[in-house]
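Assemble the complex: chain A is given as a structure, and chains B, C and D must be docked to it using the hints.
4 protein chains.
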Amino acid sequence: MGDSVQTAILGVSGYAGMELVRLLLQHPRLKDRPPVFLGRAEAGHDASLIALHPHLMDNNGSAGLKIEPFSWDLLKARGVDVLFLAIPHEQSREFAPIALKHGIRVIDLSGAWRLTKAANRAVYKFHDDGAPVAVEVQAKAVYGSAELHRDEIRTAELVANPGCYATSIILALKPLLAAGWVDLDRGIVSDAKSGVSGAGKAPTPKTHYMYAADNLSAYGVFAHRHTGELLEQLGLDRSQIIFTPHLLPIPRGILATSYVTFKKKHSADEVASLYRDFYADSPLVRLFARGHLPQIQYSVRTNYCDIGFELDSDGRRCVIVSCLDNLLKGAAGQAVENMNLMCGWGEAEGLA
Amino acid sequence: MGDSVQTAILGVSGYAGMELVRLLLQHPRLKDRPPVFLGRAEAGHDASLIALHPHLMDNNGSAGLKIEPFSWDLLKARGVDVLFLAIPHEQSREFAPIALKHGIRVIDLSGAWRLTKAANRAVYKFHDDGAPVAVEVQAKAVYGSAELHRDEIRTAELVANPGCYATSIILALKPLLAAGWVDLDRGIVSDAKSGVSGAGKAPTPKTHYMYAADNLSAYGVFAHRHTGELLEQLGLDRSQIIFTPHLLPIPRGILATSYVTFKKKHSADEVASLYRDFYADSPLVRLFARGHLPQIQYSVRTNYCDIGFELDSDGRRCVIVSCLDNLLKGAAGQAVENMNLMCGWGEAEGLA
Amino acid sequence: MGDSVQTAILGVSGYAGMELVRLLLQHPRLKDRPPVFLGRAEAGHDASLIALHPHLMDNNGSAGLKIEPFSWDLLKARGVDVLFLAIPHEQSREFAPIALKHGIRVIDLSGAWRLTKAANRAVYKFHDDGAPVAVEVQAKAVYGSAELHRDEIRTAELVANPGCYATSIILALKPLLAAGWVDLDRGIVSDAKSGVSGAGKAPTPKTHYMYAADNLSAYGVFAHRHTGELLEQLGLDRSQIIFTPHLLPIPRGILATSYVTFKKKHSADEVASLYRDFYADSPLVRLFARGHLPQIQYSVRTNYCDIGFELDSDGRRCVIVSCLDNLLKGAAGQAVENMNLMCGWGEAEGLA
Amino acid sequence: MGDSVQTAILGVSGYAGMELVRLLLQHPRLKDRPPVFLGRAEAGHDASLIALHPHLMDNNGSAGLKIEPFSWDLLKARGVDVLFLAIPHEQSREFAPIALKHGIRVIDLSGAWRLTKAANRAVYKFHDDGAPVAVEVQAKAVYGSAELHRDEIRTAELVANPGCYATSIILALKPLLAAGWVDLDRGIVSDAKSGVSGAGKAPTPKTHYMYAADNLSAYGVFAHRHTGELLEQLGLDRSQIIFTPHLLPIPRGILATSYVTFKKKHSADEVASLYRDFYADSPLVRLFARGHLPQIQYSVRTNYCDIGFELDSDGRRCVIVSCLDNLLKGAAGQAVENMNLMCGWGEAEGLA
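Protein chains in written order, with the numbering used here: chain A, 25 to 376; chain B, 25 to 376; chain C, 25 to 376; chain D, 25 to 376.
Next up, chain A with everything else stripped away, as it sits in the complex (with noise of 0.2 angstroms):
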């Protein structure tokens, strides 16, 4: 693709939608070309963005920011290239498959088109799974992982933009694994904990401020949706992983605590060079140098994911600490990511 492209985001009340919003209008090459704000006709929008994102106001032309009522001739007349799709996977799994069919590419933010496996999509209940549409264009969907999947995303025409969760966790493993290392028959564990904008905008009785704050909790254990990512992206079977997480007393941020046993002895430095190999090309992520772990605050409002670790002193225990922005490398931030690998730019184009 050239310099620029045209953009469109459906779904923009959410908080990751906010933030997609936020990079693309700050993108530098799309300057002269803004994003398309689309809203679903029927869901009574606010025509202005401002009224619904009083945070993303300025004092430059934002107030002019308008939310335009959904239509396929809209974005064919606007000459849309990529279409970011930030709405309920139910919704995701009727609207990309048309777009494609529009010659749109299209960057998914929900979990619509993430796992190639029937039993691990099972937990969606997708009312279409099977059907020969869904299974063709699963078929097309690459895993938006820059750092997994970096060459087929350039190409890809459907990016399944990764679960903020799963992208801590696979993050922080995907190295140990790939290199072997790690000894599956004592299994791993991934304690996770997530700010309260992962739980959504909707008011709820999790969301209310007297149930989140001062408190922890954990939930959907042995049941979390992202469990199937990370089995297909680590390569797992589910009795080598359990992945709990938490609800913490905090805006945004995740922080997963991740614990293996490797089959032999190594030193801190190999652990160390294998991080520092295996992200030598990935800019979004930070390595923590020895002694010094990320925390949330240091990961939150950026686009990285960052990654430390301690070792035993017996060489075979290992804890990794990741962490990042679940609105961000949990979501907008990776969206724009692969957004810039399908149009040939840098990785982190916008985003350091």
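No lab work stands behind these hints: they were computed from the structure.
Hints should not be assumed to be uniformly reliable.
Given that identical chains are not distinguished, each listed pair holds provided it fits within a single copy or across any two copies.
[Stated by the list, open to error] 20 angstroms max Cα-Cα, derived DMTMM-like pairs, lysine to aspartate or glutamate:
| no. | residue 1 | residue 2 |
| --- | --- | --- |
| 1 | Lys149 | Glu118 |
| 2 | Lys287 | Asp305 |
| 3 | Lys289 | Asp261 |
For chains B, C and D alone, kept in the frame of chain A given last:
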């Protein structure tokens, strides 16, 4: 009344209701006569109190606590003497008159019966305002501020438990106004800040963690419902006081900063002495020593209203800081204080 | 011992000391014999307890509470039976032996006397480790976990009150380990998270609001002092458990998520039953019903340890979630529990 | 001045210093001339900027950023044109005069040079107040509020960057006072609330998480240092305004609620129009539309001051709510705004 009474609470699902349950369960006079917990039959309430409020769980029988479907017959069968209403004000307009007709004394935690002037009630838009029954019941209502109306409360049939903001401001200002010290031409400002529990248990955009956390916002400027209580209890007209509430990013607690100018110069000792005399018989007001000001953390989870002040070197401008727990001295604690008075018990029994 | 005893607290300036003061002042057995509050003479402590801890202020005489300068003569003059030490562990190494020599029973809240194996104590670098007096005193020390050592505590001269993290993990795992169900070759992971009060009252870069708020960080990986307690009380060797603490952005509370694999398949009913039997006589452990997990907000400001679990569909992998208030069941509450046992009173008196 | 200048920052360890580093590193005019970061030689500063502020870490060379030991020779060798002082005010009294003597223009973020009247400066207890050099330097100082002193700042040798509270209140009140609308006999009240970063980076009892969290406290009543700025910039005498600061349990942000009474009745349109005209050329003030008030979360992490108001139905009493980020528009952002003016660049370059 005798050594004990039979109490009942209608409306135990909200935060104030929960605190009321807790206070009555541990009240020394009610040890042998636990309150009756009532839900409106049509509300589909959960029959187990602990399922609704896990915070009340203990290992001493709390598991057996039940919410029973409300009926007047049940109240009579149980011999209820005092009924707490912790329900929306529209419902209280309906229930309180019937309770009185049944000879049951009522402590109402809503705004239904606090205001004697129709102009001040207008903001509530009571559908029955001015109707003969409502007029008659309102005439019986006593504003449940022990510090101001101790004697009337003792014999009241219906006590209108004060608003949380109103309590914090009335107790801060009443001694100065009663003494005639305040220059009302200069106007009074009460800038008040409340934790999120004051906004209620319903999940709404404003009680969402992402809205309330790391934030502060003013609301209801010139328009908050508690304004009428200030005017009536402090003997002011609308032009003489401005009260602005703010939503604090904390679970509970109110701090009100009130600004007055004295007609003539006073010493700090005179001010301290005025407060000490006014609250000499008030066990649930704590006066802070010179050089110390109340803070929300000192009053939260207590039944006290804390008051302190700073006097300008001019001897005329005075800043009064008052704090309380909006669910306790601002709601359930004050309700129990009123029960204590109505039953002839010590004002602070079960509360200090 | 008789109906009452004379207690004293040395070290009332910290958070645990403050909670201990509060619990003893309201303890039903101590109503007529208030504790003696002691500060080290050279510490320049404030003579007024309320000046130090405004949270303890009430309108019932708390203003008169004094901190007295410590001396052994004073302890004898007051006839102190039970001395609580809420002081740093180095100081406790010095004070506890002398108290025992004076025939005063000691409940020590520090880490000074919790560990029987020199290897586990090494992390504390006690200057007197191995000295005859220290060896003799250590031999008398009972680990103050009522649920594990109820009988020894009753007659103990010196009770070593457990660490906060250790309590949350030991109570979560002990029933499973005691039953021999856990496959230790797979290793146990305990991922624990604590509020900031666990880091102490001293202002440091890590207790600064700007560090702790909106953040989560892991620390002390493979190196936390409480590890030795886990090993000794659970009968594990170092290679069999990893415990990772994290600093939560909340004032108080601990949640530990523990991961075990069973040697063979069990049903959830069997697991529940095992826990019920183990804690049948433990009034300060609350077991959560199937489908419910403890949360920090349920346990904070209580003296309970809450425990719940989820079992994988494979019947072998089990996640146990335990919560407690680090200042109560994790410190002062457990200390009072130990006092109750030492005095022949009900284990939960003044605590439930 | 030309297209670029050489900047230097003395004092990069605090929060404002950190934000200043961030803003200058990304300033479009300074791309080819990164700032010189300076620490006082005797302060034992860390030589790596990232070690001090992990928040500034990126994957683009930030690792190489160094703090150099300050010396005037170094400043000359680097050809520094503009020196930012983010150091305590006592130190700034010492450094600023020397810088001016060397022909280096200074933007001082402390309170050292903000006040022209000795009475207002008294609170700072400058040891050199009244000394000839100090008098001479003070005479050159321009109060760095672009909205009030745009033209003087352009040519200033020394700009005294305003206080954070002062900025929020001055910008809220100046249009009304400049127009002569305010009845000063009634007095003005500004009730202001700030996040914890305003209290500085040093760990103290008041910046401890346990003090600040879940709390609100008033402080410095009638005595805050920023009062002098209000009086001088707003042309008031001490009796005409009360300003009370409060410590909010949030990391950053200020909200000030200001109360004025107009001499005569005005319509809300007239008020809105007055503000619009006053700030017509001010790109970093955002005026909120009728019915909307600023909130801290909208202004945090922006360089704006947000202003909104509510007018009573009497047309005379007006509540003005203003918000800003205390580290940006209240410190580092405003400092960069001043640099922009001093260099002849757009006021909001690198800031909007």
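Right, here's what the structure says about each hint:
Taking the closest pair of Cα atoms, Lys149 and Glu118 come within 20 angstroms of each other only inside a single copy of the chain (14 angstroms); across copies the shortest separation is 47 angstroms, beyond that limit. In this assembly of identical chains, Lys287 and Asp305 lie within 20 angstroms of each other by CA distance neither inside one copy nor across copies; the values are 27 angstroms within and 43 angstroms between. Taking identical chains as interchangeable, the C-alpha atoms of Lys289 and Asp261 lie at most 20 angstroms apart only when they sit on different chains, with a minimum of 19 angstroms there against 24 angstroms within one chain.
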